[in-house]
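**Student:** As a plain string of letters, each chain reads:
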Amino acid sequence: MAALDGAGGEAKPGTRVSADVIVPLVLFAFFAAVPLAAAGAQAYLVSVFMRIMIFAIAAIGLDLILGYGALISFGHAAFIGLGAYAVGILAAQGIHDASIALAAALAVAMLFAFLTGLVCLRTKGVYFIMITLAFGQMAFFTAGSLAPYGGDDGLTIHMRDTVFGYPLLENARAFYYLVLACLAASYGLCRALIASRFGRVFRGARENPTRMAAIGFDTTRFQLVAYVVSGALGGLSGFLLANATDFVSPAYMSWQRSGDLLIMVIFGGMGRLYGAVVGALAYLLLEERLADYTEQWKVIIGPLLVVVVVFARGGLVGVAQKLWSWRRG
Amino acid sequence: MADPVLQIEDLRKQFGALAVTDGVSLDVAPGELHAVIGPNGAGKTTLINQISGFLKPQSGRIRFDGRDITALPVHARARLGLARSFQITSILPGFSALENVALAVQARCGSSFRFFGRAAAEPVLNEPARAALEEVGLGARIHVPAGALSHGEKRALELAIALAMAPKLILLDEPMAGTGREESDRLVALLARLKGRFAMILVEHDMTAVFALADRISVMIYGRILASGPPAAVRSDPSVIAAYLGDDME
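Residue numbers (the working numbering), protein chains in the order written: chain A, 16 to 344; chain B, 312 to 561.
No lab work stands behind these hints: they were computed from the structure. Watch out, some of these pointers could steer you wrong.
Cut-off 25 Å, straight-line C-alpha distance, at most; resulting in silico cross-link-like pairs (SDA-like, lysine to any residue) [unchecked claim]: (1) B:Lys479 x B:Asp526; (2) B:Lys367 x A:Asn223; (3) B:Lys367 x A:Arg236; (4) B:Lys479 x B:Leu391.
Since we're looking at a predicted model, the values are computed, not measured.
In isolation and in its complexed conformation, chain A is listed as follows (with noise of 0.2 Å):
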């Protein structure tokens, strides 16, 4: 039942629908105080709480089609690395302004998802899987052959981004903020997609094609633009992503990134939006102190998202939820 709770219908009254407001209230305030806590040595955090946000973005994004819809997208990094090269490959040009990098790199994104969606929803299930993979690494391998841009080991981007002609993203601050306003922005979009008309037809896909079909719908249209949308977030994700590191390489779009992404989805709870920021909170947070302990950090992550799963089939979220009611009697 947890599994299920939530993302099927419109929240009920009361706990859930509080939920869906409190919940990313007291994320974001985190996020937003991170900055004014970490000083001194702590400084390095504020990158890591971006990048940490950053990734939240694609996740909210793949939550919008996995928990919403069951489109099991295993080639989401490749938004990303898309939006991540459409900003290097511009910079290489001599282009450095965000209206400019960041039209082009959601353009790519939604281009993108647009026509590999429309092979990718003919098919359902394991096959769905199995066509977002090879899509993904078609996009992986186009990037590491792209031999005036790196090729395999990628490109260092020299100059950040200008906003509209202000150096805003070399304030480190300011960029922090910028990403903040970017995910409150998509948890915002995402929320108000789902309880509109068009989500209603897009959760009913999932709940029953057949009777969506029967009353009139051609659901494949609707989980189309829902993809669309999915891929523009991970398509912000990586034009963030690409001005934060100043990097951008092919390995960003790996197929083990879209398993990360998979994984801070269904670790943080999936059908709910913000499981997927705490997700992406609480796997690179994991990934940040393991990988001081040893390299071989995903053999405790592992074993983890098994217990996650099997365990609290709401994931992170679930529990929390769980333990709540259960202490409130």
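Chain B: place on chain A using the hints.
**Tutor:** Just chain B now, kept in the frame of chain A:
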């Protein structure tokens, strides 16, 4: 007589060597309740699936409301006003009863490519949905998740979904199947109330219900229409008695 809502001409469908629909012609007049009866495996559900578009016939033509719909996909036929219930109940289990029906209203009421504004708060969708649920006797159950309704209630919900589509024709594939005596009595009374307002094709094994409701009955056996006519004529047709009804109907 007014032009028929539905007109099927010489429909043929084969699964391998088996002709499941073997030259079926049939029509439904506006407001008419046309029952299709016959033994299991006669091809009744296959016929319904071809009318609604889930299966493509090998040959023949289906005209609906003056249009040839033989090549149209399911959703396009639904948009023209063709509603159906399923032999095995097909609803959105995770959605509330109200949402199930509101989606059907949404399908015919404005664009669904609206990305903002809470659909659940739209009176344009909820009011007609509520009315349809009242009509089928689910007025007190609108916020219950559809998956938690009883079997009979789910059947009624399917009818409410069909009504909310404001259809020109409703295809009912064994709406009474699996319901208890009391529930099926309630469904028969409901169908009797709806009769005349919508054209309907009723596939049903409950002969008491069929003879009480139908304006016309077609008997199907081995993919063919054996006889077709008013209930009294069909009941006394010797070939029908021999092949399907038996003597006990007398």
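**Student:** All hints are to be evaluated individually against the structure, with a verdict given for each.
**Tutor:** Against the structure, the hints:
Between the alpha carbons of Lys479 of chain B and Asp526 of chain B the distance comes to roughly 17 Å, so the proposed pair stays at or under 25 Å and holds. Annotation: proposed proximity of Lys367 of chain B to Asn223 of chain A holds, straight-line Cα distance about 21 Å (limit 25 Å). Only pairs whose Cα atoms come within 25 Å are accepted, and Lys367 of chain B paired with Arg236 of chain A is accepted, the gap being roughly 22 Å. Between the alpha carbons of Lys479 of chain B and Leu391 of chain B the distance comes to roughly 8 Å, so the proposed pair stays at or under 25 Å and holds.
Violated hints for the displayed structure: none, as all numbered hints are satisfied.
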